Amino acid sequence: MIDKIKHTLESLLLYLTSAMLAIMAGLMLWQVFTRYVLASPALYTEELLRFMMIWMAFLGSAYAFGTRQHLSLVFAVEALSGRNKLILMLINDSVVLIFSVFILFLGGIKAVTSSMTQFSPIMRIPIGDVYLIMPIAAVLIFILQCLNMIILVRDSNRASPKPAGSL
Amino acid sequence: MDFIFDYVDETVFASILLFGLFFLMLAQGIAISVAIAVSSILTGLFFLPPSVAFFVATQKMFAGVDSFTLLAIPFFILAGNIMNKGGIAIRLVNLAKLIGGRLPGSLAHTNVIANMLFGSISGSAIAAAAAVGGTMAPLQKKEGYDPTFSAAVNIASAPSGILIPPSGPLILFSLVSGGTSISALFIGGYVPGLLMGLSVMIVAGIIAKRRKFPVSEIPGLGEAAKIVWQALPPLLMVVVVIGGIVIGAFTATEGAAVAVLYSFVLSLIYRLATWREYIDVLKSSMVTSAVILFLIAASGVMSYVMTITGIPDAIADALLTFKNPIVILLIMNICLLIIGFFMDLTPAVLIFTPIFLPIAREVGMDPVQFGLMMIFNLGIGSMTPPVGSVLFVGCSIGGVSIEKVAKPLLPFFITLMIALMMITYIPALTTGLPRLLGLM
Chain A
582 MIDKIKHTLE SLLLYLTSAM LAIMAGLMLW QVFTRYVLAS PALYTEELLR FMMIWMAFLG
642 SAYAFGTRQH LSLVFAVEAL SGRNKLILML INDSVVLIFS VFILFLGGIK AVTSSMTQFS
702 PIMRIPIGDV YLIMPIAAVL IFILQCLNMI ILVRDSNRAS PKPAGSL
Chain B
127 MDFIFDYVDE TVFASILLFG LFFLMLAQGI AISVAIAVSS ILTGLFFLPP SVAFFVATQK
187 MFAGVDSFTL LAIPFFILAG NIMNKGGIAI RLVNLAKLIG GRLPGSLAHT NVIANMLFGS
247 ISGSAIAAAA AVGGTMAPLQ KKEGYDPTFS AAVNIASAPS GILIPPSGPL ILFSLVSGGT
307 SISALFIGGY VPGLLMGLSV MIVAGIIAKR RKFPVSEIPG LGEAAKIVWQ ALPPLLMVVV
367 VIGGIVIGAF TATEGAAVAV LYSFVLSLIY RLATWREYID VLKSSMVTSA VILFLIAASG
427 VMSYVMTITG IPDAIADALL TFKNPIVILL IMNICLLIIG FFMDLTPAVL IFTPIFLPIA
487 REVGMDPVQF GLMMIFNLGI GSMTPPVGSV LFVGCSIGGV SIEKVAKPLL PFFITLMIAL
547 MMITYIPALT TGLPRLLGLM
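Residue numbers (my numbering), protein chains in the order written: chain A, 582 to 748; chain B, 127 to 566.
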């Protein structure tokens, strides 16, 4: 059940962000085309592309947290085994939770509310709407990271059926 | 918590706390981006009220990736990954064999030259190490090359691709350094990239001569023409994309998108990939980009906290007491080499550019030269254990263990160090070409 929720959420994020990357490449080429061939450059593309990249970056990061693809040093974790390894991994994962709550979520909400009255110069989008990706990413990272931790604990119980004395 | 500052200097306290926490979190295996952001915010909490600190951190993260130029990075990653899909690498390897075939240990030279050629169409050392190494390893095995030697040659020469344009790390440097000209960095990268390749070839040649490695047969004229003809379409991308960026026909970002189109059309014509594979390429490019962009966002928080606590100034003051520019540059290089042992290139560029660039400027070094020196240095770092992305990829593609490849790698560091010193102390090597073309 947990695996299914996690898998569905991750696939959703992966396909969404991959599509965004393809659309971004297309939009960028459209900008070059309008400038050279139509001789009247599309103005909205530059702003739209910037905002899309920010959204892709944060949504893609949430996916990368879920699948543990962010760069990290694995020596300490690999050097440990059994219970100690599990504890260190859970500590590390909790730091990510703290990060998502305090910086991305609380800071993000404040950034959203304080910039709703500012508008982007070309498309006239409230900057707050663009900032909205930070609390959204925070919630996604929080959910995926919690699922990761649950799976970690569950699998460690399942994988080590040995008596507790051996740990 | 101001009472602490009655006893210690604010900046000293901040730097110990910031770097102490950062390296602790790094060592215990927390994602580098999170380690950067959390260590910075914890340090920031001593200087700012909590509500302000979290809010500012979010803003700095957002501002870190709110850049149009930055878009070039995902696009170049995508273009490189499309090029990486088989087919293209073998064409470049064949051409490289034609160029380096007559030297002793010809397949080693072929590998180095192919890495440089691959670097000229892709901006990533890892892509080169994987694509070229993957094509070369079976060939070298067939001719009786020691697999650890082959892997070492591949690893030591792959980072030349991040000096030879297009280059993701150079775009990154341009951004963190406050807008150093990408055209100048790109053109300036050719000579250091060639130097890196040559350094590897000299050592490989000496070893090959001693061990009497075979020299390949020279193909006939007709065969040679065919090889050149087949390698031409991928290499023409250099003319279109790098040429276009340098003459100002388009920006680096637009050039990167053109590179995506070019490599896509090329792979369609050659029928190199299925639609499924294109989707996989999109997915993997997105993840790589998101990880890098998130690191950039997190570094925004760190550079802000460093600025408000005056850390870069304090380090600059300490280093500048040496007065002698030669010594200062030497110390900087040693620091970067040590950093390279433990940190990947991207976070190292993000964290240490704001610290070292002002010092380099102070001793009269041009930002273009500094950037190329730093990328060259950290490129060496990417092949050194324990942490080296090129080392990891090169070992896994060559099917050898990291411990086994460490020894055959050692001799290459001698010439690479000499090349690094040349780049550090001879400005003309890096700024000569861009000046000649009027880019700086």
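A couple of the hints might just be wrong.
Some chain B residues close to chain A (C-beta under 10 angstroms, calculated; not the full set) [claimed, not checked]:
| no. | residue |
| --- | --- |
| 1 | Ile167 |
| 2 | Phe180 |
| 3 | Phe201 |
| 4 | Ser342 |
| 5 | Leu408 |
| 6 | Phe448 |
| 7 | Pro473 |
| 8 | Ser515 |
Under the rule of at most 25 angstroms between Cα atoms (straight-line distance), these lysine to any residue pairs were calculated in the SDA-like manner [as the list claims (entries may be wrong)]:
| no. | chain 1 | residue 1 | chain 2 | residue 2 |
| --- | --- | --- | --- | --- |
| 9 | B | Lys409 | A | Arg705 |
| 10 | A | Lys666 | B | Leu150 |
| 11 | A | Lys666 | B | Lys409 |
| 12 | B | Lys211 | A | Ala600 |
| 13 | A | Lys666 | B | Ser527 |
| 14 | B | Lys409 | A | Leu593 |
| 15 | B | Lys530 | A | Ala657 |
| 16 | B | Lys530 | A | Glu659 |
| 17 | A | Lys666 | B | Pro512 |
| 18 | B | Lys211 | A | Ala657 |
| 19 | B | Lys409 | A | Ile583 |
Facing chain A, a subset of chain B residues (Cβ under 8 angstroms, in silico) [unchecked claim]:
| no. | residue |
| --- | --- |
| 20 | Val160 |
| 21 | Val413 |
| 22 | Asp439 |
Quick caveat, the hints were computed from the structure, so don't treat them as lab data. Owing to the predicted nature of the structure, the values given are computational and were not obtained by experimental measurement. The beta carbon of each residue, even a glycine, is placed where N, CA and C say it ideally should be.
**Asked** Which of the listed hints are not met by the structure?
**Response** Violated: hints 4, 6, 9, 11, 18, 22.
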